[in-house]
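Asker: This is what each chain is made of:
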Amino acid sequence: MTKALHLPGRCTCDPGGVKMAYGFFTIYWRDMIRFVRFKTLLVSSLLQPALWMAFFGIAMSSNFDRLTAGMPVPAGAHVVGYLTFMGAGIIAMTTLFTSLFGGIVILFDKNWGLMREILASPMDRNHIIFGIGLSGVTKSFIQAIIIMVFGILIGAAFFAGFTPLRTIVGICGILTFVGMFALGFLFLSAAIAISMESPEGLQGVITLLTMPIFFASNALYPIDNFPEILGIISVYNPMTLLITGIRYFVIGPDFVAMGHHYTYTQGDILWSFAGLVTFSVIMFTFAYWRFQKAVVT
Amino acid sequence: MEPADPESPIIRVENLRHSYGDFRAVDNISFSVKKGEIFSFLGPNGAGKSTVINILITLLARQEGTAIVAGYDVTTHPQQVRESIGIVFQDITLDRDMTVREILEFHGRLYNMPDEMRKARIDELLGLVQLEAKKNELTKRLSGGMKRRLEIARGLMTRPTILFLDEPTIGLDPQTRMRMWEYIKNVNSEGTTIFLTTHYMDEADQLSDRISIIDHGRIVITGTSGELKNTLGRDLIYLETSNNGEAVRLLKGVGEVRDITQKPAGFVLTVHEDGTKVLPLIIDTLRKSGIEISTINLKKPTMDDVFVFYTGKELRDEGAAPARALHLRPRGR
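Listed in order, the protein sequences are those of chains A and B. Each residue of the first sequence is one higher than the one before, starting from 67 at the first, in our numbering. Each residue of the second sequence is one higher than the one before, starting from 1302 at the first, in our numbering.
Keep in mind that the hints were calculated from the coordinates and are not lab data. Any given hint could turn out to be false.
Dumping the calculated PhoX-like pairs for lysine-lysine here, alpha-carbon to alpha-carbon at most 20 Å [to be verified]: (1) Lys-105(A) - Lys-1441(B); (2) Lys-1436(B) - Lys-1448(B); (3) Lys-176(A) - Lys-1441(B); (4) Lys-1448(B) - Lys-176(A).
So the derived list for chain B, only partly shown, Cβ under 7 Å to chain A, looks like this [to be verified]: (5) Asn-1355; (6) Leu-1361; (7) Glu-1365; (8) Arg-1383; (9) Asp-1392; (10) Thr-1394.
All residues carry an ideal CB built from backbone N, CA and C; glycine is no exception.
Go ahead and model the full structure; you've got the sequences and the hints to work with.
Answerer: Okay, here's the thing in structure tokens:
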């Protein structure tokens, strides 16, 4: 026993004060440390979207482009290939998966006792939700950019014919949509994770969720010919709202893909974004409720 | 909002009750901890120790009764309680993939310590628990003792008024445990009040100023280690004399002597009261009759004896593996 502690002198911390408003940054900081430290997780999460583009994208586009080649195209329409069309879907899909699994760290923290340190601290519990949200959004941004760059490299016509300014606006628009969508599903994921006991259960619930969200959306095909009920689900599906936004910003407001003519007005885009905001607010409320109720001992 | 009276107890619990469904885990517990002391809850696993500690550290909502920690009610002012306490949890709660330094940094950030103070405290505490050389090591590469030391350092980051230690030496080897006790005593001597739970008799005995024995959610008795042992009134006195037969006959007439057991070369007296007080009387009685005492030995009851007396059993099977293993070891190999 060597050094003496220089007591007394209470911590002049400022919990609940102005600076505590940045408590979520502590959670963010730690989650990002883990993100870059788990090399396999880091590499796989960056490689996975590129592999989707490379394998599924190229395989499907070589088929679909041949099938749709004979379809009549309105005069003067901007025709895009399948790779470009589904590229937007891959960005959305990657964001969905990353976000839904983004809360799993909370479950691990809970099961390994680490959550007790956080819950017994003066930090407001909302900061856990926001911190996890922010780190998930960061990961999704990185992945979205990788898909865009990699997509262009393998021949997707992202931002084709755009001026540099419009490209920048497009990227910002995509990230805004991706960010809002990611937040919604990260909040949902956090809410599920704090309520569940086992990682297996969480995995089951998430798998159950991803299926309808992904396939009842316009990620891989047009939704206009869906049967009625599936059609209604897919129109209000946050995934569809996101993909509509991405396509608007990465392709343009007026194009033909898979023999279907897409036109988006600015109103449509605002409407989609408003839908995503609503979704995220609801999910945050849900997460807030679950976290206030959570007892971790 | 600071405690009005500096002499008032730093932890005050009155009529605390807590149930999980039909199971009453904590049944009308009252106790108080003085500022600056080491106070222990000694009891078998499942006695309700962790429930009490979880209520005091605000992780579990209080159901019934009063719990005041560092002058603040745990229900109405949980934030202030959280700011006043440090905690070392029962199981290791370290992120395996963070470094020693990051663990402390994360904790300091959680409590919103200013950068300068945080850095200074980290260096100071790494010195205190002798982990300076390991500061950039991932915690998964630390030994059990090092992990525990790091957790104690973490508990002290914010200079808490009270440090809660839930089974601080569980699963550690004897040498490491002894070193942990030293750390804990050292921290206490610097002014930090310590509340600890344990199911190790020796830990409660060696470390605490006062002990509450807790069983089935109730406090059975509270006192210093010496007081608890004295309450048994069953000190053992071993004697060898020049005339054992006559000595036994004489001592049977002494009121304080409860029982006499013959041994090969002498005999053992079990006394009602504190043995140190009975001893002069016994020596006098024998001397007056001209009996020479060649050997005399007073044995105080151990904490094990106290525990068995008050809970009516040795440590229960569930979980108390080390103590249990000791009892099961075949005698006389």
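Asker: Compare the structure with each hint and give your call.
Answerer: Okay, the hints, checked on the actual structure:
no.	hint	in the structure
1	Lys-105(A) - Lys-1441(B)	holds, 16 Å
2	Lys-1436(B) - Lys-1448(B)	holds, 12 Å
3	Lys-176(A) - Lys-1441(B)	holds, 18 Å
4	Lys-1448(B) - Lys-176(A)	holds, 19 Å
5	Asn-1355	holds, 5 Å
6	Leu-1361	holds, 6 Å
7	Glu-1365	violated, 17 Å
8	Arg-1383	holds, 4 Å
9	Asp-1392	holds, 5 Å
10	Thr-1394	holds, 4 Å
Checked against the numbered hints above, the structure violates only hint 7.
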